[in-house]
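Novice: Position chain B relative to chain A; hints supplied.
Residue numbers (the numbering used here), protein chains in the order written: chain A, 1 to 186; chain B, 1 to 203.
No wet-lab data here; the hints were simulated from the structure.
We treat Cβ as the ideally placed atom computed from N, Cα and C, and that holds for glycine.
There could be a bad hint or two in this list.
To be verified - Stretch by stretch, here's where chain A covers chain B in the computed footprint (C-beta under 8 angstroms, at least three residues): (1) 8-19; (2) 25-31; (3) 93-105.
What the hints assert, rightly or not - Facing chain B, a subset of chain A residues (Cβ under 7 angstroms, in silico): (4) 41; (5) 50; (6) 57; (7) 61; (8) 68; (9) 80; (10) 100; (11) 125.
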Amino acid sequence: MTADALSESPQSGAAAFAAPARSLAHVTDAPLEYSAFFRGEFAAVLRTVELMLRDHGRAEELTQDAFLQLLLHWPKISRYERPDAWVRRVAIRLALRSIRRDRLWQLVRGGLLPKAPDRPSRFDVDGAIRQLPGSQRAAIVLHYYEDRPTAEIARILGCSESTARVHLFHARKRLAELLGEDDRVA
Amino acid sequence: MSLDHRLRSELERAADSIAPDVERNLAIVEARARPRSSLGASTLLLAAAIVVAAIIIRLGPSLPGAGGPNPTGSAAPPSIVGPSPSPAYDAIAGTYTVTLDPSNTAVAQYRLGGAWTMRLVADGEIFLSPPASFGSGTTSLSGLAFTLAGDQFRNNIFYNDYCSSIGTYTWSLAAGQLRFAPVGETCPIRQTLLSTVPWQVSP
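So that you can see chain A by itself, here it is in the shape it has in the complex:
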C-alpha cells in the first residue's frame, strides 16, 4: 500500500507535525517529530486494530506496518491536517485485508490441517465479533469503541455512507443473534 493510495489533500499551513524539509530515503533514524507522534498515537491505533483482529501479535505487526509506511512518507504525510487519521486508516485497511485473507485461507485450506486453538476469550463478545466479516468488525469497533459517526466510518473503510450503515446494521443484527440479545437500538 502506498502513501498515495490513501492520501489526503495537504492543508496549507495547517501541519500538525512539521517535518524537516529533507527526504527520509537516506535517513535511518526517525526524526524527533515522528518519534513524538509515534509515542502519542501508536497505542490508540493498536487498540483499534487489536479489537478488530483479536490477535495481539498480528495487530502489533500490522500497526507497525502502518507506522512504517508513515515513517517512509513522513515529510509528505506530516503536512496533512490529520496525519493521525491517515495512519489509522492505513492500519485499519491492513487489518481488513488480513481478515479477508484469513477467511479466504480458511475456505481454501479448510480441513487440510487441524485448526489452531483459539486464544482464551477475554470478554464475552470476543467470539461473536470473530464471526463477523472484516468490514462489519471494523464498523462495530469504529462505532462502539471509537464513537465515530457513519460518515467517518465510511471514509475510513473507503465506502459510501449507506454501505457503512449496512455494515453496521448487519453486524449488530448478527451480534444480537449470537449473544442472544434484543437488537433494538437503545
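Specialist: Leaving out everything else, chain B in the frame of chain A:
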C-alpha cells in the same frame, strides 16, 4: 443491559487491557526502516560476494584449503548482509539444522518429520529449507523474516500458509544450540518446528 451498552462496555474493557510497550514498537519500526535505506549497499555486497565465490570455485584446485566447489557454503558469509540493526542480530545470524522425529506425535500430525535447515541473516531474513517430505516438495520457503527485541524473537514462518499470526519466542544460543521457547504463539505447527528440539549450529 442493552446490546449497544454491552458492546460499548465490553469493547472499552478489552481496549483498556491492551497496554503496548510503545518504546519497543518504536525501536522495531525504526529497525525495519533501516534495511530499505541500506538496500543498495547490501545488494552491491551480495553481488561482490557472488563474484568472489565464483572466482574461488573456478580457481579452487590451485588455492590452498579450497577443497572443492561449495557455492552454498561460500556464498553466505556474514559480510554479505550489510549493516546489522544491533549486535543481537549478529549473534543469532548463522545456519542451523534440526531433525524432527516423525514418531513424535505433533511432528507427525503436521508432517514436519525430517531434516530442516534455517539460515538467519543479520538483516532479519530467514531462509528455511524443509525436508523433501514436507508440503509438495518445496525446496525453500521464501518471504520469511524475524525481528529481535531483547530476548524475544518474532517471526512470520508459515504465516498465511498454516498460521494466521506472528510467533514470539525467547531465544538462547549456547553450546552450539539455538533454543526457542514460545511466549506468544497461537500457531502449533510453527511451535512444533521451532521448539520441539534445539536447533544445532551448522558449521
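Novice: In ascending order, which of the hints set out earlier in this document are inconsistent with the structure?
Specialist: 3, 4, 9 and 10
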